[in-house]
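Undergrad: Read off the chains here:
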Amino acid sequence: MGERPGSRGNEGGTPRGDDSGGDATAWQSWVSLAIVIHGICIVVALAANFSPSPLQSRVLEILGPYVNGLSFHPAGTPFYMTHGTFLDVDWRLEWLPEGSDESDEAAWKVAFPSSANSISHRRQREVALLRELAAQQMETEAPGAASRAALLTKALAYDLRIIQRLPAVSLRLRRHTLQSPEAVDSPDAESRDPDSSLYFDVVYRADIVVDGERVEIIGRTSAAEEAATREITP
Amino acid sequence: MTGVQPSGGTCQSRPVGWNQFWFAPSDSTSLAVIRIGCGILVLGYLLSYGSDAPRWLANTASVVPTSTVRELMARSWAEFSIFDYCSSPAAVWTVHGAALLAALAMTLGVATRVSTAVTWLLLLSYLHRVPFANGLAEPVLAMLLAYLVIEPGARSLSLDRWWVLKRGGRPGDPIGWTATVATRLIQLHLCALVLMTVTNRLAGEPWWSGTAVWWLIARTETRLIDLTGLGSLPQYYLVNLWTHAVVAIELLGVVLLWLPRFRPGTQIALGVIWFSLALLTGQLLWLGIMLLGLVAFVPPTVLSRLLGRAAVGSGRAQPA
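Respectively, the protein sequence lines represent chains P and U. Under the working numbering, the first residue of the first sequence carries the number 1, and numbering increases by one thereafter. Under the working numbering, the first residue of the second sequence carries the number 235, and numbering increases by one thereafter.
Where hints are given, some of them may not hold.
One side of the interface only, derived from the structure: several residues of chain U facing chain P at Cβ under 7 Å [stated by the list, open to error]: (1) L306; (2) A312; (3) L358; (4) G369; (5) T454; (6) L519.
These stretches of chain U come out as covered by chain P in the derived footprint (C-beta under 8 Å, 3 or more residues) [claimed, not checked]: (7) 251-264; (8) 283-290; (9) 293-299; (10) 373-386; (11) 415-426; (12) 437-451; (13) 464-474.
Here are the simulated DMTMM-like pairs of lysine to aspartate or glutamate, each with C-alpha atoms no more than 25 Å apart in a straight line [what the hints assert, rightly or not]: (14) P:K154 to U:D286; (15) P:K109 to U:E455; (16) P:K154 to U:D318; (17) P:K154 to U:E305; (18) P:K154 to P:E139.
In case anyone wonders, no lab produced these hints; they're calculated from the structure. Idealized CB from N, CA, C, for every residue including glycine.
Could you build the full structure based on these sequences and the hints that come with them?
TA: Have a look at this one:
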């Protein structure tokens, strides 16, 4: 580890500098204990980031106020960037203006991601939110999954209709399927274009019903069941 | 961490190696550099809300209201967000403005310890307000700030230090054991994070089969550069190599960062690999934070030389 700290004239690691006046060794004992406890919490929190076992989940419940409160638990953050699953693609939340024909693809407007600038962190925030929305739409088997998925969709519908005052009557979650390496050299021009309609699926569609300040959504289609069967096909 | 001091007593019963590793006084210049970098990144994070801050952060009239977050997640009392109590845009702007000021003060080194703690606490409020919108960058940023609260490097590269010198005073010694504790915590946490990342990667088939980088290249809406030309052979071998290199360098990096002979090369390799991933994913804030984490492995004397000033406590203390 290179030159050892305190290797010149301070062999025992006795503190110096900003705590020279106090009983630093007693402090260090307490700090050592805190470091060990903190280290255990961090190891548990990080080890449980991906597919935690029931034991890890239970331990995390106990450590929750510390590791979640101080954001030491990444809580399923996809640090791996891609596993080539159904979720690891680009998503779009689109809305249909009042009076438009829903079969007219050009009529649908993109609500999220709102920024075309890929460098902006705002876009990353919106991408993360859409991923969460897509993940919730896919969760069909867990108890209460459908109502949880509807909650977030309803919040986004409220944002469109009430906060932004957009004349949205429907919204849909669209998945931008990824082009395979083989498709890049395909003789079919549509397959070669990653932005062709061939590469877009509608995973969820809902109508927005507004009653005063209340917003309700009526789900019309869900590709969640189909999605669950497609694992490694980005 | 093997030897034990012969005599008894609280301190003496701890292994000598443990004491040297955690408590030998060291220079806080690295932490000052990390603090300045973190401050700039926090400012970037806050400014990314733009004029939409109330739309994201207000407790009711927002993209995801607080009530929805509470219904979707079992939040503990500790996952506190001051924005849960901000219902009007004016209240959101007040807190947002305070956060910007605190981050600016932290960057410049004004009331450094206090401004760093305030910035950290306010950042946690942002992270807890809409947890679904947190990406790769936010947890790492919160981690760095937490450790900077222990030692923000206020006694070097700060306006606090400049002010004391201007008034003819004697600035405090930038060398202390708190700098060592903070640096060690950043180093170990970063390594644990990289280890977690690479093991998470290996839980997916594309990182074994060499296709993962292709699935990042193919995301046309998030990538910063178009490399679809690599889709056909023989260029596709480069995609495989790139994927395997990410896994190999991250796996080896966790170990090699601790070996002085290999450290500079490992830091460069990790930096290059993360930069390449940021180009494919648009995760620039994440890249900046990961690179700042690597600064904790740069000896303060080297940093002082790079900054063009005399090394503080040169040759005495380097936690690496």
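Undergrad: None of the hints should be skipped; say for each whether it holds.
TA: Results for each hint:
no.	hint	result
1	L306	holds, 6 Å
2	A312	holds, 3 Å
3	L358	holds, 6 Å
4	G369	holds, 5 Å
5	T454	holds, 5 Å
6	L519	holds, 5 Å
7	251-264	holds (count 9)
8	283-290	holds (count 5)
9	293-299	holds (count 5)
10	373-386	holds (count 4)
11	415-426	holds (count 5)
12	437-451	holds (count 10)
13	464-474	holds (count 4)
14	P:K154 to U:D286	holds, 20 Å
15	P:K109 to U:E455	holds, 16 Å
16	P:K154 to U:D318	holds, 19 Å
17	P:K154 to U:E305	holds, 13 Å
18	P:K154 to P:E139	holds, 17 Å
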